[in-house]
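Visitor: Here are the chains, one letter per residue:
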Amino acid sequence: MSTNSLIDLFSSFDYKKEQKRWNRFCNILNEPEPKVGQTPRKVVWQKNKTTLWHYPPEEKKHEVPVLLVYSLFNKSFIFDLAPGTSIIEALVKAGYDVYLLDWGIPGYEDKGITFDDYIVDYLQKGVRRVLRHSHADEISIIGYCIGGTIASMYTAIADEAVKNLIVAAVPIDFSVSAVPVEWIEGLRNGIFSMDRLIDVYGLIPSNYVGGLFQAVSSPINNSPYITLLNRAHDDKFVEKWQRMNKWTNEHVPVTGEAFRQFINDLLKDNKLIKGEMTVRGEKVDLAKIKSNLLVISSKKDHLVPKEQSLPLLDRGSSEDKTSKFVDAGHVSLTLTSQFATLIDSWLSERSRSLQTTK
Amino acid sequence: MSDQRTFDPYDTFKKLSIQWEQRMNDMIHLCTNNNDFIKYAKMSSDSNAGYVEWLRKNQEMLANQLNVPTKNDLANVAKLSIQTQEKLDSLEEQIWNLSDSAARTNKEIVSVVEVLHEVVKMTQQLKTQHEETKEELAELKRLLAEKQTTTKNTRKPVTGGTK
Chain A
0 MSTNSLIDLF SSFDYKKEQK RWNRFCNILN EPEPKVGQTP RKVVWQKNKT TLWHYPPEEK
60 KHEVPVLLVY SLFNKSFIFD LAPGTSIIEA LVKAGYDVYL LDWGIPGYED KGITFDDYIV
120 DYLQKGVRRV LRHSHADEIS IIGYCIGGTI ASMYTAIADE AVKNLIVAAV PIDFSVSAVP
180 VEWIEGLRNG IFSMDRLIDV YGLIPSNYVG GLFQAVSSPI NNSPYITLLN RAHDDKFVEK
240 WQRMNKWTNE HVPVTGEAFR QFINDLLKDN KLIKGEMTVR GEKVDLAKIK SNLLVISSKK
300 DHLVPKEQSL PLLDRGSSED KTSKFVDAGH VSLTLTSQFA TLIDSWLSER SRSLQTTK
Chain B
0 MSDQRTFDPY DTFKKLSIQW EQRMNDMIHL CTNNNDFIKY AKMSSDSNAG YVEWLRKNQE
60 MLANQLNVPT KNDLANVAKL SIQTQEKLDS LEEQIWNLSD SAARTNKEIV SVVEVLHEVV
120 KMTQQLKTQH EETKEELAEL KRLLAEKQTT TKNTRKPVTG GTK
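Taken in order, these protein sequences are the chains called A and B. Residue numbers are given in numbering that gives the first Met the number 0: position 342 of the first sequence equals residue 341, and the series is strictly consecutive. Residue numbers are given in numbering that gives the first Met the number 0: position 15 of the second sequence equals residue 14, and the series is strictly consecutive.
Simulated from the structure, these hints should not be mistaken for laboratory data. Incorrect hints may appear among the rest.
[Unchecked claim] Computed cross-link-like contacts, DMTMM-like style, restricted to lysine to aspartate or glutamate with a CA-CA straight-line distance of at most 20 Å: (1) A:Lys-282 with A:Glu-306; (2) A:Lys-19 with B:Glu-134; (3) B:Lys-38 with A:Glu-181; (4) B:Lys-86 with A:Asp-116; (5) A:Lys-46 with B:Glu-107; (6) A:Lys-19 with A:Asp-234; (7) B:Lys-56 with A:Asp-194; (8) A:Lys-15 with B:Asp-10; (9) A:Lys-48 with B:Glu-91; (10) A:Lys-320 with A:Asp-264; (11) A:Lys-245 with A:Glu-32.
Only chain A is shown next, with the shape it has when bound in the complex (with noise of 0.2 Å):
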């Protein structure tokens, strides 16, 4: 650093933002909590600790309902983050009668519940009150995470008309993933499981289920507080932070019989794209998705890489196939609009618009 550079800085110098700065640093854990989840919307169905949302539109223009589910180890708010960001409120601007199954947070009497029951027992019955609350005779699902995986498996063994599925950050395949190596073989070789802690446990607590994606993607991880404290002084920064911030560190519970299977039938067995996989007996052949089939991988996801998502693409025989690519991470990517407006431009060709219907 030459002596005018140093010059520049201490002529440049301002107090007044430095104070602002480290003010909002120092104080941002005593800073209310950022508001989410600010869609107006309505209870639609609840069951257990699930809750069915619509949203409605103030106009509608599609007459495809479409129904939201997330992964099983996030909150709902995910999806409805911030007015002007939020993914929701951008589908019900476009005209979409937004619906969301929020799986609520397990307790531990739900540590019993596996994947089977969240396929048939809730994302089943929600499909078919989204189908009676909106009158409408097909769907579109979208599915984010863990949240895809499931609404995958549904639509191969769905008796009802699926007409649209997107996936996005979905892991199909665990050959693939970013978990390291030996990680994987060891649970393969039997060296490593985590049935008796699952036994002892029976629900899975949130922290447990933060660490372990902290452990597979970044175990140090200081670059969030770092970037605030480069940009504290700066208020919509602050907010936006806070915001990302929330998302991922509040994770929820898992049930204890849902994670066995996550852990020994798809990341240890990879018994999905196999099709090896069964729901209440009957067999999950991927072949079977008939739906028109949207796939949207984050070119920065360190946690469910596009080759996780892809064979999806592959394995499904719907005869509309579409891979996209954002550039974002695995959270990023529901933090801004741009998934939103991908979603839209894919899905408003395949909704049945009222206007050229009428």
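Since the structure of chain A is provided, determine the placement of chain B on it from the hints.
Guide: Quick look at chain B alone, frame taken from chain A:
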């Protein structure tokens, strides 16, 4: 316009931190990506599970002695409520089916009634036509009778006309 950017120490700090973080994470993954670590993780997980299991058993035993409900008891009660919810849901679905079939039957009845309306209409039309035909027939009969009378009258010989 100058291309020179003002030096921002926070930017430099951020770049360095991200690089350090990436290298540290790579190093952690490298160091843990082996069999020994997996065995160690298995050992830790088992000892954690064992400790929690021991704690749970003691907790259950103590709760039993103190005659207070345990987490399992509460879970069982909660499960009953979930079962009730499921039953209500299935009842609601059965009501849907019933109302759907009632709606279908209603539609069928409406269509049968429509057909009946048509039949009644046709019968009325036939009746009207029948009445008209009857009237026409009566008129014809009357005309025929009139004609016959006129024919009889005209056949009578005119007396004294040939003189």
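Visitor: The structure should be examined with respect to each hint, and the outcome stated for every one.
Guide: Hints, one by one, checked against the model:
no. : hint                     : result
1   : A:Lys-282 with A:Glu-306 : violated (24 Å)
2   : A:Lys-19 with B:Glu-134  : violated (107 Å)
3   : B:Lys-38 with A:Glu-181  : holds (11 Å)
4   : B:Lys-86 with A:Asp-116  : holds (16 Å)
5   : A:Lys-46 with B:Glu-107  : violated (35 Å)
6   : A:Lys-19 with A:Asp-234  : holds (10 Å)
7   : B:Lys-56 with A:Asp-194  : holds (18 Å)
8   : A:Lys-15 with B:Asp-10   : holds (19 Å)
9   : A:Lys-48 with B:Glu-91   : holds (19 Å)
10  : A:Lys-320 with A:Asp-264 : violated (27 Å)
11  : A:Lys-245 with A:Glu-32  : holds (8 Å)
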